[in-house]
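Work out the full structure: start from the sequences and follow the hints.
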Amino acid sequence: NGRKIVKNALKLTEGHYQMDFDDLEAKAADPRNKILILCNPHNPVGRVWTKAELEQVAAICLRHNVFVIADEIHGDFAFPPHRYIPYLTVSESAAQNAAACISPAKTFNIAGMVDAMTVIPNETYRHQFHDFAHRYQINKVNVFASTATEAAYRDGAAWLDALLVYLQENIAFIKEYLRANVSGVSLIEPEGTFLAWLDFRKLGLEAKALEMFLSQEAGIALSPGYWFGREGAGFARMTIGCPRATIKRALDNLAAAVRV
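The opening residue of the sequence shown carries number 258 in this note's numbering; numbering runs sequentially from there.
To be clear, the hints were calculated from the coordinates, so they are not data collected in a lab.
A hint or two may mislead.
When the alpha-carbon atoms are kept at most 16 Å apart in a straight line, the in silico EDC-like pairs for lysine to aspartate or glutamate are as follows [said to hold, decoys possible]:
no. : residue 1 : residue 2
1   : 505       : 426
2   : 397       : 372
3   : 268       : 310
4   : 268       : 456
5   : 505       : 433
6   : 363       : 407
7   : 459       : 271
8   : 459       : 426
9   : 308       : 349
10  : 363       : 328
11  : 268       : 287
12  : 268       : 279
13  : 363       : 433
14  : 264       : 280
15  : 432       : 456
16  : 268       : 282
17  : 465       : 433
18  : 261       : 277
19  : 268       : 488
20  : 264       : 488
21  : 432       : 446
22  : 432       : 509
23  : 308       : 287
24  : 363       : 310
25  : 264       : 279
26  : 264       : 277
27  : 264       : 282
Label-pair restraints from in silico Cβ distances [to be verified]:
no. : residue 1 : residue 2 : range
28  : 388       : 465       : 41 to 49 Å
29  : 288       : 500       : 46 to 54 Å
30  : 501       : 337       : 16 to 24 Å
31  : 458       : 258       : 32 to 40 Å
32  : 484       : 282       : 24 to 32 Å
33  : 419       : 322       : 38 to 46 Å
34  : 429       : 312       : 28 to 36 Å
35  : 326       : 440       : 23 to 31 Å
36  : 484       : 429       : 22 to 30 Å
37  : 312       : 458       : 26 to 34 Å
38  : 382       : 484       : 29 to 37 Å
Keep in mind it's a predicted model, so treat the numbers as computed, not measured.
Heads up, the beta-carbon is just placed ideally off N, CA and C, and yes, glycines get one too.
Structure follows, in structure tokens:
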């Protein structure tokens with residue numbers, strides 16, 4: 258579609274990621290930049306953006322007439338005391354200049370149902386999106402997916418509550434295991450999502466060498482950090498939405514490979 262990606266990289270300070278608002282302001286001020294894609298909560302680093310942070314995003318984007326598309330597919334995964342703030346609730350003016358993309362796919366592990374929603378409060382933008390979706394036939398939902406989505410949202414609360422507790426226990430397990438057994442590898446502790454962002458920079462390996470080390474020497478298939486931009490070099494993403502025994506097996510492999 259002729260669009261060019263302009264990155265607003267996060268800043269990592271003492272193990273904590275933050276938005277670079279000065280950089281965002283400068284790039285939003287460029288009239289060629291029309292849309293901000295906001296990941297809330299953030300994949301892969303696991304930040305759950307605060308209301309104050311989202312208010313600052315909204316102020317910048319409103320000031321420069323930049324439309325916000327909020328990818329909030331991980332919105333159900335926020336660990337106390339952190340709380341997911343839907344971007345559309347930040348303010349009425351922010352909502353009128355944004356669209357939010359949500360789905361039960363991640364929350365209930367039903368991606369195969371292929372069901373998602375785009376929430377667009379602004380009537381003009383909503384009609385434009387409807388016309389586009391109809392033209393390209395992307396507005397059709399199969400009956401099975403609709404039924405599964407309804408059942409998940411209606412009956413899945415207790416299951417989700419238990420899942421969130423289990424995920425937090427997985428995070429604590431990974432953090433302690435790495436501290437005790439794997440020198441040079443640490444966890445950027447997530448505030449949400451079911452993903453762990455692991456820091457391998459102390460191993461001193463280049464991005465491709467780290468990818469080969471993890472797959473060939475440790476026998477684990479993690480998502481290489483550089484997939485998410487050059488700032489991700491030296492990191493890797495690990496899914497923690499799985500049995501703890503599976504995580505332990507992966508970490509045992511990693512520990513053995515690092516010790517060799």
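To see whether the hints hold, each was checked on the structure:
1. 505 with 426: With a Cα-Cα distance of about 13 Å, the restraint between residue 505 and residue 426 holds, given a limit of 16 Å.
2. 397 with 372: holds, 9 Å
3. 268 with 310: At roughly 14 Å apart (the allowed maximum being 16 Å), residue 310 and residue 268 satisfy the hint.
4. 268 with 456: holds, 14 Å
5. 505 with 433: holds, 11 Å
6. 363 with 407: At roughly 15 Å apart (the allowed maximum being 16 Å), residue 407 and residue 363 satisfy the hint.
7. 459 with 271: This hinted pair holds, its Cα atoms lying about 14 Å apart.
8. 459 with 426: violated, 26 Å
9. 308 with 349: holds, 14 Å
10. 363 with 328: Given that 16 Å is the threshold and the Cα spacing comes to 12 Å, the pair holds.
11. 268 with 287: Violated, because 21 Å separates the two Cα atoms, which is more than 16 Å.
12. 268 with 279: holds, 11 Å
13. 363 with 433: Between residue 363 and residue 433 the Cα gap is close to 26 Å, so the pair fails against 16 Å, i.e. violated.
14. 264 with 280: holds, 9 Å
15. 432 with 456: Holds, because 12 Å separates the two Cα atoms, which is no more than 16 Å.
16. 268 with 282: holds, 15 Å
17. 465 with 433: Distance ~27 Å between residue 465 and residue 433 Cα, so the pair is violated.
18. 261 with 277: Roughly 20 Å between the alpha carbons, so the hint for residue 261 and residue 277 is violated.
19. 268 with 488: The given pair, whose Cα atoms are some 9 Å apart, holds under the 16 Å limit.
20. 264 with 488: Holds, at about 11 Å.
21. 432 with 446: holds, 8 Å
22. 432 with 509: holds, 13 Å
23. 308 with 287: violated, 25 Å
24. 363 with 310: Status violated; Cα separation ~24 Å.
25. 264 with 279: Roughly 13 Å separates the two Cα atoms, so the pair holds.
26. 264 with 277: Distance of about 11 Å is within 16 Å: holds.
27. 264 with 282: Satisfied, since the Cα-Cα distance of roughly 12 Å is no more than 16 Å.
28. 388 with 465: 41 to 49 Å: With Cβ atoms ~44 Å apart, the hint holds.
29. 288 with 500: 46 to 54 Å: With Cβ atoms ~50 Å apart, the hint holds.
30. 501 with 337: 16 to 24 Å: Between residue 501 and residue 337, where Cβ atoms are some 20 Å apart, the hint holds.
31. 458 with 258: 32 to 40 Å: About 36 Å separates the Cβ atoms of residue 458 and residue 258, which means 32 to 40 Å holds.
32. 484 with 282: 24 to 32 Å: Holds - the Cβ-Cβ distance for residue 484 and residue 282, about 27 Å, lies within 24 to 32 Å.
33. 419 with 322: 38 to 46 Å: holds, 44 Å
34. 429 with 312: 28 to 36 Å: The hinted range 28 to 36 Å holds for residue 429 and residue 312, with Cβ atoms some 31 Å apart.
35. 326 with 440: 23 to 31 Å: violated, 41 Å
36. 484 with 429: 22 to 30 Å: holds, 26 Å
37. 312 with 458: 26 to 34 Å: The hinted range 26 to 34 Å holds for residue 312 and residue 458, with Cβ atoms some 32 Å apart.
38. 382 with 484: 29 to 37 Å: Taking Cβ atoms as reference, residue 382 and residue 484 lie about 31 Å apart, which means the hint holds.
Consistency note: the structure conflicts with the earlier hints numbered 8, 11, 13, 17, 18, 23, 24 and 35.
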